[in-house]
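Enquirer: The sequence shown begins at 2 in the working numbering and counts up by one.
Be aware that one or more of the hints could be misleading.
DSS-like cross-link-like pairs, simulated, lysine-lysine; straight-line CA separation at most 25 Å [said to hold, decoys possible]: (1) Lys261 with Lys174; (2) Lys123 with Lys386; (3) Lys157 with Lys400; (4) Lys237 with Lys174; (5) Lys404 with Lys386.
The set of hints was computed from the structure by calculation and includes no laboratory data.
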Amino acid sequence: MKETKKQEHKKQENKKHKLASVAAGMVIFCLLLLLGWAGWMLYKRAEEAVSLSDRIQALTGDLSSMSEEYSVLEEEQGVLSDKFSLISGQFSGLWQRYLSARGHGMGEAEGFEFTESARELKNPNRGFYHMHGYFIKDEVRSLQSYQEDLGWRFAKDHDTSLTMIQINLQYFKNREISAKGLESLDNLFRALEANAGDKHLILRFLYDWDGKNMQYEPDSLDTILRHIEQVGPWLKEYQEQIFLTQGLFIGSWGEMHSSKFLGQENYQLLANALYEATADSTYLSVRMPAQWRMITGIGDPEQVVRGDGSLASRLGLFNDGMLGSWSDYGTYGDQTREEHGDFTFWNRQEELAFQDILCRTVPIGGEIMTPNKYNDFENALQDMKAMHVTYANRDFDTKVFDKWARTTVSEDSCFDGMDGLTYMERHLGYRLVLRDTAFAYDWKEDLLTAKITLQNVGFAPIYREALVELILYDAENGREYSYTLGPEQDIRDLAGGTVSDELMSLNWELPLGGMPQGELEIYFRISDELSGETILLGNEQDPDRRGYRVGTLRLGEAEELLELWKQELPDWLFGILNKEG
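Construct the complete structure from the given sequences, taking the supplied hints into account.
Expert: What follows is the structure, encoded as structure tokens:
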């Protein structure tokens, strides 16, 4: 039993030793594991230390490089600073030169007010005319003889700006105009140029003054065509003075009736020959709207284009039976366009409507005859507006004119209370009235914007090209600055008559660079481009040689601009601009 206890005790001891060995092994294993982990960590730290060292070396290189770059930047900054100072000085110098070149500071414009006038206006290519006739014979009539004759005639013809010259070629019925005849023709035109003054010419070549055209007119159309060709050089040489021609050389009194050469084909041959023989600025005219349509082949007057060089754009009308009867002595028919077609006579209403459109582009005039209801003042006024009548014979028919003179005009205008004849004279052709002026100044662009508003209260437009100008006049220095209206604005579009209430605003943009400070007078001028004659306006104000004064422009000192720009620019930039150069 004792033995058994010893054995049991021994077993217990062995078991304890085993457990202690296991525990020591575990401790040793853990220590080894801990040492391994510590070794591994030391390895990783060493590796990171090497990486950190590499990074430090790299950063040290970067810092060195940055230090070098910074040194370069410092040097460049110094260079840029020097350049900036140089540019700054140059900018300031440019500013001073700009002020000097501009010559002035702020601008302020003031427009004037205008009042319409009923005064007489002796303007080119409109109004009443008197008629003068000359034979051309196979003999030389001297320049002096023509001058003496015209001097006597025009001494009594001082109230018109148009004159009709009729030239009778019946002495050359069946032959061309002789050398002596052409010399006489040359002397006549030279005398007209010297003696007519500011009168423009209505020319009519014909063969008859007695209503016996069949007796005097050439037997061959070729002879007439040759006569047109022969007189052509004078028609072109004196184009400045010639407003228009009437007729095609044929018919009694040159009125395109009672002739061997009526009909569309002959009309076209004669019209085209005269078109070639005359200057582009000269209008032609035929007796009736139906003849106009036959010649041009046009039934719709809206198709006519001003200035396109075509015959239609230069072919007008002359009506020597104007207001004489319901048909204007055979000028109109009694049927409609629909009934008769385009190329014959239409009724009065339709023909007036045709002329209302056509004669906004080409002129019409003629003789007013035989007292009747159609030329009672109010009726005549309406029809003359519709036709856009530009000119009329002052000598025929005086009975109609006497009737008008006994009429008193009643209308809400400056013409109220005027006699009817004077009223008609004032309104034949164009009568431009200045209605308003407006100016605005842009100080940054140094630009003056101007607007002139016109109205045409006459019966008809201006037909010849007009030069329209706005003029700034520096009275102190005696200098003029002229600005011409652009071609996109055409005062010939003011047709008057049935559309006389229309207004047109003419617009300019005037650059003012270089003008000195001070006060400038603003003038408006219209002139006939070919002759240079000033066109008078229907206002109370009188023009001078520069035209009508319409306003004043005041230009301040250039230094004023500094304060204006100070409000517009950043302080640093303004400081550069305002730096002493």
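Enquirer: State the violated hints by number, sorted upward, taking the hints as numbered earlier in the document.
Expert: none
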